[in-house]
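Starting from the given sequences, assemble the full structure and let the hints guide the process.
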Amino acid sequence: MIDLIIWLINTINNTQNAAMMLIVSIGYMLINIYGLFNCKIIGSGSIWSKCNSACYLIDDKILVDIPNGICKALLNQGINFRNIANVLITHFHGDHYFDVPFYLLSKLKSDDKKVNFYLSDEGINKIKDVINLAFPNTYNTIFSVVDLLLMINLR
Numbered sequence: 709m710i711d712l713i714i715w716l717i718n719t720i721n722n723t724q725n726a727a728m729m730l731i732v733s734i735g736y737m738l739i740n741i742y743g744l745f746n747c748k749i750i751g752s753g754s755i756w757s758k759c760n761s762a763c764y765l766i767d768d769k770i771l772v773d774i775p776n777g778i779c780k781a782l783l784n785q786g787i788n789f790r791n792i793a794n795v796l797i798t799h800f801h802g803d804h805y806f807d808v809p810f811y812l813l814s815k816l817k818s819d820d821k822k823v824n825f826y827l828s829d830e831g832i833n834k835i836k837d838v839i840n841l842a843f844p845n846t847y848n849t850i851f852s853v854v855d856l857l858l859m860i861n862l863r
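The numbering of the sequence shown is our numbering, which starts it at 709 and goes up by one.
Do not rely on the hints blindly, as some may be mistaken.
Claimed, not checked - Listed next, the in silico DSS-like pairs over lysine-lysine satisfying Cα-Cα at most 27 Å (straight line):
{"#": "1", "residue 1": "Lys-821", "residue 2": "Lys-834"}
{"#": "2", "residue 1": "Lys-758", "residue 2": "Lys-748"}
{"#": "3", "residue 1": "Lys-834", "residue 2": "Lys-817"}
{"#": "4", "residue 1": "Lys-780", "residue 2": "Lys-769"}
{"#": "5", "residue 1": "Lys-817", "residue 2": "Lys-836"}
{"#": "6", "residue 1": "Lys-780", "residue 2": "Lys-748"}
{"#": "7", "residue 1": "Lys-821", "residue 2": "Lys-780"}
{"#": "8", "residue 1": "Lys-822", "residue 2": "Lys-836"}
{"#": "9", "residue 1": "Lys-758", "residue 2": "Lys-822"}
{"#": "10", "residue 1": "Lys-769", "residue 2": "Lys-758"}
{"#": "11", "residue 1": "Lys-836", "residue 2": "Lys-821"}
{"#": "12", "residue 1": "Lys-822", "residue 2": "Lys-769"}
{"#": "13", "residue 1": "Lys-748", "residue 2": "Lys-822"}
{"#": "14", "residue 1": "Lys-780", "residue 2": "Lys-836"}
{"#": "15", "residue 1": "Lys-780", "residue 2": "Lys-822"}
{"#": "16", "residue 1": "Lys-834", "residue 2": "Lys-822"}
Treat the hints as calculated values from the structure; they're not laboratory data.
This is how it looks when you write it as structure tokens:
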């Protein structure tokens, strides 16, 4: 399943026009219809739209991107994001990962502190930078408590 998700994410990342984005979105819907996995669209907009930025929750276990404001959007939909232990970040524009510090801070307060991040090589430093921006000098504290199990290169 994760191979299919990575293929879809790479397709989205390599897509520059709206028609291809529509085709990929239809692909997500077909996957849901044929029962390969359940994909909830948490956000489908861009930073310029009224909708939440692009974010998907797969089988209530894998969060694809974690853009600004998405932790609150999950809570508003009745989803406890502290229970999500897998985060796949497609790329490092702010509207795809700026809620990481708030997600990790919430994991500090949960019983299960294990988190699997699936991201590119540049991701580890980007995550560190955004945490230090949101909560200066807390990177080491957060990562000494939260158990980051896995960092995988998607490229």
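So, going through the hints one by one against the coordinates:
With a CA separation close to 21 Å, the supplied pair Lys-821 and Lys-834 stays within the 27 Å bound. Our distance criterion of 27 Å between C-alpha atoms is met by Lys-758 and Lys-748, whose separation comes to about 18 Å. As the CA atoms of Lys-834 and Lys-817 are separated by approximately 23 Å, the hinted pair is consistent with the 27 Å bound. A hinted pair counts as satisfied when its Cα atoms are at most 27 Å apart, and Lys-780 with Lys-769 qualifies at roughly 17 Å.
Using a Cα cut-off of 27 Å, the hinted pair Lys-817 and Lys-836 holds, with the two alpha carbons roughly 19 Å apart. Our distance criterion of 27 Å between C-alpha atoms is met by Lys-780 and Lys-748, whose separation comes to about 15 Å. Simply put, Lys-821 and Lys-780 have alpha-carbon atoms about 19 Å apart, close enough for the 27 Å limit, and the pair holds. Pair hint Lys-822 plus Lys-836 holds up; C-alpha atoms about 17 Å apart against a cutoff of 27 Å.
Note on Lys-758 and Lys-822: the hinted pairing is violated, with a Cα-Cα distance of about 32 Å set against a maximum of 27 Å. At most 27 Å may separate the alpha-carbon atoms for a hinted pair to count; Lys-769 and Lys-758 meet this at roughly 26 Å. A threshold of 27 Å between alpha carbons decides the hint, and for Lys-836 with Lys-821 the separation of about 17 Å falls inside it, so the pair holds. About 12 Å separates the Cα atoms of Lys-822 and Lys-769, which keeps this hinted pair within 27 Å; it holds.
Restraint check for Lys-748 and Lys-822: satisfied, since their Cα atoms lie roughly 22 Å apart, inside the 27 Å limit. Restraint check for Lys-780 and Lys-836: the C-alpha separation of about 22 Å stays at or below 27 Å, so the hint holds. About 21 Å separates the Cα atoms of Lys-780 and Lys-822, which keeps this hinted pair within 27 Å; it holds. Straight-line distance between C-alpha atoms of Lys-834 and Lys-822 comes to about 20 Å, which keeps the hinted pair within the 27 Å bound.
In this structure, only the earlier hint numbered 9 is contradicted, and the remaining ones agree with it.
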